[in-house]
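Make a model of the complete structure from these sequences and hints.
Number of protein chains: 2
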Amino acid sequence: MKRILNFSAGPATLPVSVLEEASRGILEIEGSGMSILEVSHRGSHYEKIHFDARDRMLKLMGLSADEYTCLFLGGGASLQFAMLPMNYLAGGSADYVQTGEWPNKAMKEAKIFGKVNVSASSEDGKYSYIPKVFKWDPAAQYAHICTNNTIEGTAFSKLPDTGVVPLVADASSEMLSRAWDFSKFSMIYAGAQKNLGPAGVCVVVMKKSFLEKAREEVPAILSYKIHAKNDSLYNTPPAFAIYTLGLVLKWLDTQGGVKGIEEKNRRKAGFIYQAIDDLLDVYEPACREKEDRSLMNITWRLRTADADREKAFLKGAQDIGLDGLKGHRSVGGFRASVYNAFPEEGCAKLAQYLRDFAKQY
Amino acid sequence: MKRILNFSAGPATLPVSVLEEASRGILEIEGSGMSILEVSHRGSHYEKIHFDARDRMLKLMGLSADEYTCLFLGGGASLQFAMLPMNYLAGGSADYVQTGEWPNKAMKEAKIFGKVNVSASSEDGKYSYIPKVFKWDPAAQYAHICTNNTIEGTAFSKLPDTGVVPLVADASSEMLSRAWDFSKFSMIYAGAQKNLGPAGVCVVVMKKSFLEKAREEVPAILSYKIHAKNDSLYNTPPAFAIYTLGLVLKWLDTQGGVKGIEEKNRRKAGFIYQAIDDLLDVYEPACREKEDRSLMNITWRLRTADADREKAFLKGAQDIGLDGLKGHRSVGGFRASVYNAFPEEGCAKLAQYLRDFAKQY
Chain A
1 MKRILNFSAG PATLPVSVLE EASRGILEIE GSGMSILEVS HRGSHYEKIH
51 FDARDRMLKL MGLSADEYTC LFLGGGASLQ FAMLPMNYLA GGSADYVQTG
101 EWPNKAMKEA KIFGKVNVSA SSEDGKYSYI PKVFKWDPAA QYAHICTNNT
151 IEGTAFSKLP DTGVVPLVAD ASSEMLSRAW DFSKFSMIYA GAQKNLGPAG
201 VCVVVMKKSF LEKAREEVPA ILSYKIHAKN DSLYNTPPAF AIYTLGLVLK
251 WLDTQGGVKG IEEKNRRKAG FIYQAIDDLL DVYEPACREK EDRSLMNITW
301 RLRTADADRE KAFLKGAQDI GLDGLKGHRS VGGFRASVYN AFPEEGCAKL
351 AQYLRDFAKQ Y
Chain B
1 MKRILNFSAG PATLPVSVLE EASRGILEIE GSGMSILEVS HRGSHYEKIH
51 FDARDRMLKL MGLSADEYTC LFLGGGASLQ FAMLPMNYLA GGSADYVQTG
101 EWPNKAMKEA KIFGKVNVSA SSEDGKYSYI PKVFKWDPAA QYAHICTNNT
151 IEGTAFSKLP DTGVVPLVAD ASSEMLSRAW DFSKFSMIYA GAQKNLGPAG
201 VCVVVMKKSF LEKAREEVPA ILSYKIHAKN DSLYNTPPAF AIYTLGLVLK
251 WLDTQGGVKG IEEKNRRKAG FIYQAIDDLL DVYEPACREK EDRSLMNITW
301 RLRTADADRE KAFLKGAQDI GLDGLKGHRS VGGFRASVYN AFPEEGCAKL
351 AQYLRDFAKQ Y
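Which chain is which? The protein sequence lines are A and B, in order.
The numbering used here numbers the first residue of the first sequence as 1 and each following residue consecutively.
The numbering used here numbers the first residue of the second sequence as 1 and each following residue consecutively.
Fair warning: there could be bad hints in the mix.
[Unchecked claim] Derived list of chain A stretches under chain B, where covered just means 3 residues or more per stretch with a C-beta under 8 Å from a C-beta of chain B:
no.: 1; segment: 71-77
no.: 2; segment: 190-198
no.: 3; segment: 205-215
no.: 4; segment: 234-244
[To be verified] With the Cβ distance kept under 7 Å, some of the chain A side facing chain B (calculated, not the full set):
no.: 5; residue: 26
no.: 6; residue: 82
no.: 7; residue: 157
no.: 8; residue: 285
Keep in mind that the hints were calculated from the coordinates and are not lab data.
Beta carbons are placed, not taken as given, at the ideal position from N, Cα and C, and that holds for glycine.
Below you can see the structure in the form of structure tokens.
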């Protein structure tokens, strides 16, 4: 089992212990004589896995099952961009903070179902920072933010106060990587394939008082109320993705939970940002404010960029086992995605490479 | 690796060779230094898997990539119940054949988007048969059938002629189990977790001329046109489910393709139906017409049923390793789901148990 250092933005690195257990589960789960891929979603083997993952998720977030519910849905976080306004707008309005490409996609879907207020935007700076001043509409059904912007490498350093407007967040690229006060969210959702597990499942954590306000007149398969009422078993769930997510949550407990992993994540990102900050004549951070820097997706460019030099940087990285560092085409340059499971020594190795490359540059 | 005989309706038995290869892929895929769960969906490792699965699917169905497209979507077949009318109705109408619980769910979702004509129904017989006379409305956007009814154990023995109305089929519980002339379908879809792979992906095969008629004014994530234009890579696909589905399709080639597996499936179902037919004083088939019998889901009851006798039947079966034979609550009795990967000797063993149980009965 060869391992490279995989800086991919997602699907992304998972803990080796999780991969080993999932590999065994594919052959047989708990002496059942069946693979995890073969057990019925109505049977006791799967139900135990399903409810354990749900309970662990709420516990790791410090949320009570009396106040919050956790759903596991198929279709990816992109489906939530449409499901959320479908379940809440019906011609009403919602506030959106425009911080990059993914929020733009969410806003586009919302406009099909109602009015979108732009509460704040960093479009003027090509999404290189997080807005600090917001305008919330008390009549809005919810206020939507993207807590961490995967492509741009920016993140909210603190949550905005949305007043009476319920706060909804897409946290796909940073879920359970830092210790928010999660009770501030009326809803927080995340595609699993970055911090939580493999692609194929989206975690949706909802405050029950917010869930109650969802519309009933939507297709059953797209209704939060129907999925909540059926404990995410209305239809066959993406069972293997949920199983693996459960293994990742167990692993997270061994890392000191969300607080423990946040400390580690700050150290990991620190190695790389420090190298960039020490070499500002060579590298330029894509995120323009230090306080808005993402801990998960670190973006930078060569100060005097040309295609050949960028290629040389990537080739040199690849040669020493650093993979997936090419930045998203809309930002250019480089991106190191260092999610929860990405090893600390990999960050140190990239920092060293940044220094070595700068010397010969 | 202990193996039981798993008659579950889905998720269901997969070929052992597929499980073994998927188990290895979880550790590392093709010498990449990454798990199949970790590779980027935009990278070469995954793209090869993705397009190979798509091409194999069309080839196994005998369809040309010029005329048809194959999509891999998250959200399950249940999402198609809503996506299909959302993409085609907009207040228009569609024909539906009502043959059981799943078609009822599909019809319920369609009513949100337009008018549903019931072209034929077997509701009067508690869905114990397949209607033979249909009324198609030439103005309908499509005609929807469920080719095999998982719960009731019925199946179309031949496809209805829908004239000018495009034929759309939910084939979740029988996809690639028998050799239809697939070019009769304008669209055919199937949740993978019965015949094609693990839960988490739905295969949607569409005639391009039908795809062209889809509406544009739908959320991007729910648009057939957007998914087709992006080769099912508009958002992160359920990569592991698609990978495993690809392995199942490779295995199917070793079984003589769809024609080869159909022969085997007829032998397999034949063992069980023969035992029931030989013992009609003890067992009663739930499907009332022989020609409407499903090859995949075999349903029957005890002629003089009581809860204790049913329990005794299930307990005796469990004791010899026959698992998952309890019928769906809406039909009662028993159900043996014997999908493509279910072993022939398991069917022979159940047939023998049916005979043994009848003797002591």
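(Q) Just to make sure I understand the rule, a stretch counts as covered if three or more of its residues have a C-beta closer than 8 Å to a C-beta of the chain. Does the segment 205-215 of chain A meet that for chain B? (A) violated (count 0)
Q) How about the segment 71-77 of chain A: do at least three of its residues have a C-beta closer than 8 Å to a C-beta of chain B? A) holds (count 5)
Q | Within 8 Å of chain B's CB atoms, at least three CB atoms from the segment 234-244 of chain A: coverage verdict | A | This one holds; 9 residues, not fewer than the three required, reach chain B with a Cβ under 8 Å.
(Q) So, as I understand it, the hint says residue 26 (chain A) touches chain B; can you test that by seeing if any CB pair is closer than 7 Å? (A) holds, 4 Å
(Q) residue 157 (chain A) was flagged as interface toward chain B. Is the shortest Cβ-Cβ separation under 7 Å? (A) violated, 27 Å
Q. Can the hint on residue 285 (chain A) be confirmed by a CB-to-CB distance to chain B that is less than 7 Å?
A. violated, 23 Å
Q.
Holds or violated: the hint that residue 82 (chain A) contacts chain B, with Cβ atoms closer than 7 Å.
A. holds, 4 Å
Q: Examine the segment 190-198 of chain A for residues whose CB is less than 8 Å from any CB of chain B, and state whether their number is three or more.
A: holds (count 4)
Hint check: violations occur at hints 3, 7 and 8; the rest are consistent with the structure.
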